[in-house]
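Chemist: From first to last, the protein sequence lines stand for chains C and X.
So that you can map any letter, position 46 of the first sequence is 46 in the numbering used here, and since no number is skipped, the others follow by simple counting.
So that you can map any letter, position 331 of the second sequence is 331 in the numbering used here, and since no number is skipped, the others follow by simple counting.
Among the hints, a few may not be true.
Claimed, not checked - Restricting the straight-line Cα-Cα distance to at most 25 Å, the calculated cross-link-like pairs of lysine-lysine (DSS-like) are: (1) X:184 / C:120; (2) C:149 / C:215; (3) X:300 / X:98; (4) X:300 / C:120; (5) X:98 / C:215.
In short, the hints are calculated from the structure, not lab data.
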Amino acid sequence: MNELLAQFINLLGAGLLMLAFAMISQRRILSLIALFTVQGAVLVLSTVVVGFVTDQPHLYVSAGITFALKVVLIPLMLHRVIARLDIRWDVETLFNIPTTMLIGILVVIVAFNLAMPIAKLSTSLTRGTLGIALACVLLSFLMMITRAKAVPQVIGFLSMENGLFFAATSATYGMPMVVELGIALDVLIGVLILGVFIFQIREQFDSLDIRHLEKLKED
Amino acid sequence: MHPLLFVLGIPLTGGLVLAMVGHRDWARDVNVAFSLATFLAACVLTAEVVADGPQLVLQREFFIDALNVFLVALTAFVGLTTAIFSRPYMRIERDRGKMTAPRLRLYHSMYQLFSFTMLLALMTNNLGILWVAMEAATLTTVLLVSVYRTAASLEAAWKYFILCGVGIAQALFGTVLIYMAAEKVLGAEGGALLWTNLDAVKGQLDPDIVTLAFAFLFIGYGTKVGLVPLHNWLPDAHAEGPTPVSAVLSGLLLNVALYAVLRCKVLTDGALHSNLAGRLMMGFGIVSVVAAVFFLIRQKDAKRMFAYSSIEHMGLMTFAFGVGGPVATYAGLLHMTVHSLIKSAIFFAVGHATQKAGTQIMDEIRGLIRVSPTIGWGLMLGTLAILGSPPFGVFASEFLIITTAMREQPWATPLLLIALGVAFAAVFARVQPMVFGDTSVRALPHPPALIPVFVHLGLGLMLGLYIPPYLDTWYRQAAQMLGG
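Construct the entire structure; sequences and hints are all you get.
Modeler: What follows is the structure, given as structure tokens:
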């Protein structure tokens, strides 16, 4: 039974990785938010499964927080932001998707290599998950670098948080509760501030292209 | 109740109270009052540490030892003086229409919450809470930097948020890895993120995990220290935010981030039995010193120039801690203290000067000494002090760092000497005409608060000539813990 569930967690990890790749190549803002929501849901599911297998009830609580925050609240806020800014149907022109995907594959290889020596020592039920989590973090980082619009950058930032959360639950069975609450609070406040910023940037520059935010160069 | 809880509780309450009344005329005084109360509580706490030694509070969740006690006192002190400086400064900004009532409320509330997050980061025993507090400090300062809502300040704040957010996410990954390593030794219920527990078992932590963890923690918190090449946010955030914010960013936040790195270094050194952490810190430190100096030469904006000078000094401290050993670490701790005092004094003086001149461009600020001798002398003395002229404290610490480097890392000495020399020539040549010569500045409607400038410079001078015995003991104990 546990063997099966461990495999299931690996499967969910693979799902997260696939979603991270999908986000890199997704050009529509609306689909991007949908992908982010699915990623949050996968994360909740994996947290619940880990909680069940290892019999750690506090993981159910953190799964609940993740669900409220990353599947309901944040996607809702993102939808409202893009509706009010009237950018629901925006399609971003991305620079050379195949190259980005190839770089993404390299990133995954690097992440797995970095995590390899640790995974061998790991006593937790799944070994590959730390590499997957690191790969998700780095892929989100890649996504933030390649995006020129403010909202996709924010989504990249949040999906990076998802990768970190996956690392915390699958590699260590969750951080202590007080830390998790603190992290959740920080993420929530961070998203609120970014939301306000997006409106202010739009007001100042009449656009959400962060290429406008490159005036402060070294001369 | 333990005084430590007051040190944390007062600024938190202040942040909530000022969120409601921060737009009133008297909110500036309330801000000073809360900062004063925090400082007094920190004094009581310090006195208790002097009398009874290190302490663990509230089921070991908070602690105060030789490494953080002087930083707590310093943070509360600079928090107070900056609040005093910000009183007339913000009044002038409001009169000129740059600050409206809602912005003032945000500013005052965030100022107190920022103090709270820094004190929390310093005193928490939990590495996870340390991360949460650092992230919260980023969030509050992002709001402070963007408070003018100009295009430039929005850009600076966005850049700051994204870069530091990404950076600090790496630190969270590192924290998870540390927890993973510690769980094996301490068990899930054993308080595996409490620093004192980790310190007790650091020899048994798995070296592979800790190596990777330190790499992530160093990159994460190093972004906040402003180490090159992760420094891009720092000059913008310093230049575009209000000057009191630049003063606390340079004087306090960078110190707190470096403190986080140091706590992680102690664990890494204990687990690895090698000098990996030290070598990383030396490398990044020296690159920061040299690169910052060459950026610094080309700056036209006064606050931007001194922001690069902060990168230079943070690099120097990181280098000193990387060299390790009792002398270099002692010098690093001393440098942390004096840099914080002197740099915030400079920002106070620069803040008043830029308000008088109505610009931050150095070429357009001339002859400060004619209009206001105190600001002129404050800026001149502060600049001389930060550049390392004797008898100020920076001279003492830099002298110690360079002589130790000569003995232990001779390759670094010429680089350091050249960088410090170039910085001296560049900054002095810029500041000298700002202070002397014909004037272009006008008087201010409200008298500036100059006491903080001279109190800071006086303390910086004192630390160059005489270090109080208990401070000396803390430095020695902390140095022993860090690299002894």
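Chemist: Between residue 149 of chain C and residue 215 of chain C, does the CA-CA distance stay at or below 25 Å?
Modeler: 16 Å, holds
Chemist: Just to be careful, I want the Cα atoms of residue 98 of chain X and residue 215 of chain C compared with a cutoff of 25 Å; is the pair within it?
Modeler: Distance of about 21 Å is within 25 Å: holds.
Chemist: For the pair supplied as a hint, residue 184 of chain X and residue 120 of chain C, is the alpha-carbon distance within the 25 Å limit?
Modeler: 14 Å, holds
Chemist: Quickly compare the C-alpha distance for residue 300 of chain X and residue 98 of chain X to 25 Å and report which way the hint goes.
Modeler: Between residue 300 of chain X and residue 98 of chain X the Cα gap is close to 22 Å, so the pair holds against 25 Å.
Chemist: Quick one, are residue 300 of chain X and residue 120 of chain C close enough, alpha carbons at most 25 Å?
Modeler: Roughly 54 Å between the alpha carbons, so the hint for residue 300 of chain X and residue 120 of chain C is violated.
Going through the hint list in order, the structure does not satisfy hint 4, though it satisfies all others.
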